[in-house]
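Could you put the whole structure together from the sequences, leaning on the hints where they help?
Chains as they are written, first to last, in this note's numbering: chain A, 1 to 217; chain B, 218 to 391.
Certain hints may be false.
Stated by the list, open to error - Chain B is nowhere near these chain A residues, computed Cβ spacing over 12 Å in every case:
hint, residue
1, 19
2, 29
3, 49
4, 50
5, 67
6, 137
7, 138
8, 145
9, 163
10, 182
11, 192
12, 215
As the list claims (entries may be wrong) - Here are the computed lysine to aspartate or glutamate pairs in the EDC-like style, where the Cα-Cα straight-line distance is at most 20 Å:
hint, chain 1, residue 1, chain 2, residue 2
13, B, 377, B, 326
14, B, 377, A, 32
15, B, 377, B, 324
16, B, 377, B, 329
17, B, 377, B, 334
18, B, 377, B, 337
19, B, 377, A, 23
20, B, 377, A, 61
21, B, 377, B, 389
22, B, 377, A, 182
Derived by calculation from the structure, the hints in this document are not laboratory data. Using N, Cα and C, we set each Cβ at its ideal position, and we do this for glycine too.
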Amino acid sequence: MTCDERRIVTYLAGDLDPDAAADFEHHLLGCESCWAAVRDDRRGRELAEQLRTLAPSGLRDRVRAGVELAATTPAARRGLPWRTLAAIAAAAVVVAGGTFVQLHRGGDPAVVRDVLALAGQPAKSKDSSTVRVYDGRRVRISMYEMHGTPVALARSTEPFPMPAHAMPLGGVRGEPWIASRDGMTLLCLSQPSHVLLAGHMPPADLLDFARGLGLAP
Amino acid sequence: MVEVIRNHQAFLDIALPHLDVVWSLARRMAIPPLEPEDLVQDTYLRAFAGFDRYRGGDARAWLVSICLNTARSHGRRAKRRPREVPGPDESIPSDTDVGAEAMRTVDREMLEAALAELPDAQRTAILLMDVSGLTAQQTAEAIGAPRGTILARVHRGRRKLAQLLRERNAIDDV
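As structure tokens, then:
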């Protein structure tokens with residue numbers, strides 16, 4: 001920084017005492033070089049302030065969903081590494097944003113396929129509760145509505161199989177996890193019991209639904 | 218000392234109001250293939266993971282600092298400077314006295330392009346002080362440089378920004 005520039009910067013930062021500032025302002029009246037520097041600084045600041053921008057619509061909900069999901073996982077409360085948390089949020093983003101890669105359901109475990117199919121049906125065509133057996137394990141599937149959107153809830157005494165492309169929330173394979181299929185969110189939780197939920201809604205909403213039933217912390 | 222209730226709702230209440238500021242920084246710091254939205258998410262999740270250590274104070278400066286460090290972490294992996302100019306989007310009215318005579322006519326893409334031409338140090342100082350609204354001291358702490366150095370960088374960056382746009386007839390030659 002040159003001597004003049006140091007004085008200009010100090011003046012612009014408001015760091016000069018009143019007498020020194022008055023002296024410099026008097027100097028500005030007769031110094032084209034210093035005046036140009038002050039003028040361009042102010043002009044540049046005004047221009048830079050024009051670069052403030054509003055976040056895209058939907059980003060606020062996605063951030064909220066990511067944090068809520070991270071807060072729900074026991075690993076997060078223990079201090080889950082940020083990289084894993086970012087993966088959770090990424091899952092929330094793609095689901096909430098509707099841009100998740102469309103995946104084939106053919107490779108999903110049968111219980112996952114059934115839960116997805118039930119959640120995708122009109123509410124009036126569904127029974128309220130049914131028990132099905134998968135690989136010798138009994139699973140009770142109940143149907144709910146949340147703001148008019150069907151939600152399928154499967155309960156089991158044993159863990160649900162995690163399908164391909166699911167995102168583990170605990171940093172390891174196994175419950176809890178989240179996945180998406182054709183805009184449908186799948187959320188599998190393990191505390192206080194093993195549950196698998198499916199609904200055409202953002203992860204945060206499905207999580208709220210689970211909380212409302214006491215299925216999530 | 219501000220008592221901080223350590224739960225995610227308390228975090229969201231403190232952090233979400235600054236989303237526009239973090240976004241304004243992220244969209245100019247994200248290095249492909251990292252998307253600005255992902256940088257924002259990473260920033261908030263990192264902040265949330267470290268919320269136990271947050272002791273109150275200026276949450277905006279805290280988040281901006283995390284966003285900057287997160288972008289740098291990604292940048293070290295990408296090892297190249299972004300040159301893509303972000304597209305135009307909606308501006309937030311400045312809360313300062315803009316003076317206004319040049320601002321209304323400045324083309325947003327030209328402004329973004331001029332910003333991208335600044336040296337990294339000047340560009341970052343401007344993004345933190347003028348775009349994110351941090352003080353010189355907060356910027357100095359976030360970057361890890363003396364306050365005087367930050368003031369010099371932002372001064373040179375502002376002048377260069379104005380000069381570039383004047384050369385391109387984007388602002389008046391006053």
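Hints, one by one, checked against the model:
no.: 1; hint: 19; verdict: 21 Å, holds
no.: 2; hint: 29; verdict: 17 Å, holds
no.: 3; hint: 49; verdict: 4 Å, violated
no.: 4; hint: 50; verdict: 6 Å, violated
no.: 5; hint: 67; verdict: 5 Å, violated
no.: 6; hint: 137; verdict: 33 Å, holds
no.: 7; hint: 138; verdict: 34 Å, holds
no.: 8; hint: 145; verdict: 26 Å, holds
no.: 9; hint: 163; verdict: 23 Å, holds
no.: 10; hint: 182; verdict: 22 Å, holds
no.: 11; hint: 192; verdict: 19 Å, holds
no.: 12; hint: 215; verdict: 18 Å, holds
no.: 13; hint: B:377 - B:326; verdict: 16 Å, holds
no.: 14; hint: B:377 - A:32; verdict: 17 Å, holds
no.: 15; hint: B:377 - B:324; verdict: 17 Å, holds
no.: 16; hint: B:377 - B:329; verdict: 13 Å, holds
no.: 17; hint: B:377 - B:334; verdict: 9 Å, holds
no.: 18; hint: B:377 - B:337; verdict: 13 Å, holds
no.: 19; hint: B:377 - A:23; verdict: 26 Å, violated
no.: 20; hint: B:377 - A:61; verdict: 38 Å, violated
no.: 21; hint: B:377 - B:389; verdict: 15 Å, holds
no.: 22; hint: B:377 - A:182; verdict: 49 Å, violated
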